[in-house]
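Protein sequences, first through last, are from chains R and V. Using the numbering used here, you'd call the opening residue of the first sequence number 1 and step up by one each time. Using the numbering used here, you'd call the opening residue of the second sequence number 1 and step up by one each time.
No lab work stands behind these hints: they were computed from the structure. Just so we're clear, the structure is a prediction, and the values are computed from it rather than from any experiment. Note that the Cβ used here is the ideal one computed from N, Cα and C, for glycine as well. Take the hints with a grain of salt, since some may be wrong.
Chain V residues, not near chain R, derived (Cβ > 12 angstroms throughout) [said to hold, decoys possible]:
no., residue
1, Phe16
2, Gly34
3, Gly50
4, Val53
Computed beta-carbon distance windows for the label pairs [as the list claims (entries may be wrong)]:
no., chain 1, residue 1, chain 2, residue 2, range
5, R, Pro227, V, Val6, 56 to 64 angstroms
6, R, Arg160, V, Ala134, 54 to 62 angstroms
7, R, Pro184, V, Arg71, 20 to 28 angstroms
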Amino acid sequence: MTGMHGGQIAIVGASETTEIGVLPDRSMIQLHAEAALNALADAGLSAADVDGVSTAGPMPFEVSHHLGITPRWLDGTMVGGCSFMLHVRHAAAAIAAGAADVVLVTHGESGRSRVGAGAYRHNPASPAGQFEAPFGALAPYSTFTVPAMRFLHDRGMTRRDLAEVVVAQREWAVDNPRAFRRKPTTVDRVLDDPPIAYPFTRDMCCVVTDGGGALVLTGAERAADLPGGEHAVYLLGSGEACEGPMMSQMDDLGTFGAFRRASAEAFATASVSHDDIDLLMAYDAFAHLPLYMLEDIGFVGRGESGAFIADGNTRKGGRLPMNTNGGGLSYTHTGMYGMFAIQEAVRQLRGQAAVQVPGVEISFVQGVGLFFGAAGSLVLSNRRP
Amino acid sequence: MAGGTVPMPTPETAPFWAGTLAGELRIQQCNSCGKYYFYPRPFCRYCQSGDVVWRTACGAGRLVSYVINHRPVPPAAPNEPQVIALVELDEGPRMMTTIVGVTPEPGSLPLDGRVHVEFEPRGEQALPVFRFSAEAA
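Given only the sequences and the hints, what does the whole structure look like? Please build it.
Following this line, the structure appears as structure tokens:
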């Protein structure tokens, strides 16, 4: 009997699109296809081996048909940028249950060039359309950011704590040739950037890019026989949770219940503790998110997140290296960054990261979706327990 | 949306929007558990009871969080930073809104400052917006 956790399901293929950043010559669906073919090659598998397809954005059958795959299992779960954490979790359950053998998870988004991408649709009759959008709460930078002042105020923290997040992550990006923002910066420089939505300045907001990524999952027994088997990454545990679609209706502006619940389930199912984590990938569309996550996941106590980052704990040589690709703030952000957080965790566990952390064995990946809407957490390892 | 997006009421929210046109901030209260809740729906968000009533809120509350949007959307002018605020009503519910009658800068927007509701026309509707109360000045 195979279970979904405890290292019985493996990521055997993982790849981003060959290039990321500004790709006006590739459409959204082609970014999915390019990432998928790269990931299959990485796994040593072909499209014919795939019998499960997951994606968010386009429908799974748009991606599978485009690639010439006939799946017997589909997952179109769409909860924003953390959809891919949920896809990994759902794929693991499906493989464990025998509903699929090889699952392909794809992401592609022409977030910057908008080639072959759908238009944003505003619904003035939805709850958010009636009670939030009329006040200007439409774009991510002016909506997802609204609770941050309360978070900072209640902890005696300031905008400098937001800037420290940017500086710590930029340090990783400087040495990563694929990162979009690579210029070293300082807290004062970040605070002096053009304001986007006070307290947020430009570099406290993610980059906007084109790109894609894909994963191939299968059972650990089968993984051992594959060419990609020697660099397999195992799913130890996972969790998913949600709250609601409106910032004004958060249960508490200073903590996100879905981070707390998803991460707690991931730790419980993985049977590991915070001290076992060698690397944290914390989805950072905006600079306040790693602060919320560090506290809500329980890596630090309430009000300690700012000092934890400012003291260098998440930088090179720190206790908890975080967002080692540079994160959404510096590396890339196509619109749904979750796939890239998983890709970096896999690279670090394989020892193939652009800026490699020595000795990474267990990585925690925390995603967030549709502002403070949903969350997905993964615990990944390069060893089967 | 040259004048900003206009809320489109649904059957469940129509009494709220009728209230703003009449100069009243109407929210719902549950007769079973006693809690006020927002946004409108014909059952309690906390205990799912259908025994709920419309009340006119006192219109007072406090500013709990905000951003100052430097890429404003209509009806704000392109060079006019826009305050997007969260206000917690004295009855408990929290609403997205804006703060009027202040310069859009952090020093003018004290968190926990007392505010009270006003209504501003938006298309054929009226939006609840808030202004700092005299005692907070």
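Here's how the hints hold up against the structure:
The claim that Phe16 of chain V lies off the interface is violated: its Cβ sits roughly 8 angstroms from the closest Cβ of chain R, which falls inside the 12 angstroms cut-off. With a least CB separation of 18 angstroms from chain R, Gly34 of chain V remains clear of the 12 angstroms interface cut-off, as annotated. The claim that Gly50 of chain V is not at the interface with chain R holds, since no C-beta of that chain comes within 12 angstroms of its own (minimum 19 angstroms). Distance check for Val53 of chain V against chain R: the nearest CB is about 20 angstroms away, which clears 12 angstroms, and the non-interface claim stands.
Range check, Pro227 of chain R to Val6 of chain V: Cβ separation about 58 angstroms, and the 56 to 64 angstroms hint holds. Here the CB-CB span from Arg160 of chain R to Ala134 of chain V is close to 33 angstroms, at odds with the stated 54 to 62 angstroms. Here the CB-CB span from Pro184 of chain R to Arg71 of chain V is close to 27 angstroms, well matched to the stated 20 to 28 angstroms.
Checked against the numbered hints listed earlier, the structure breaks hints 1, 6; every other hint is satisfied.
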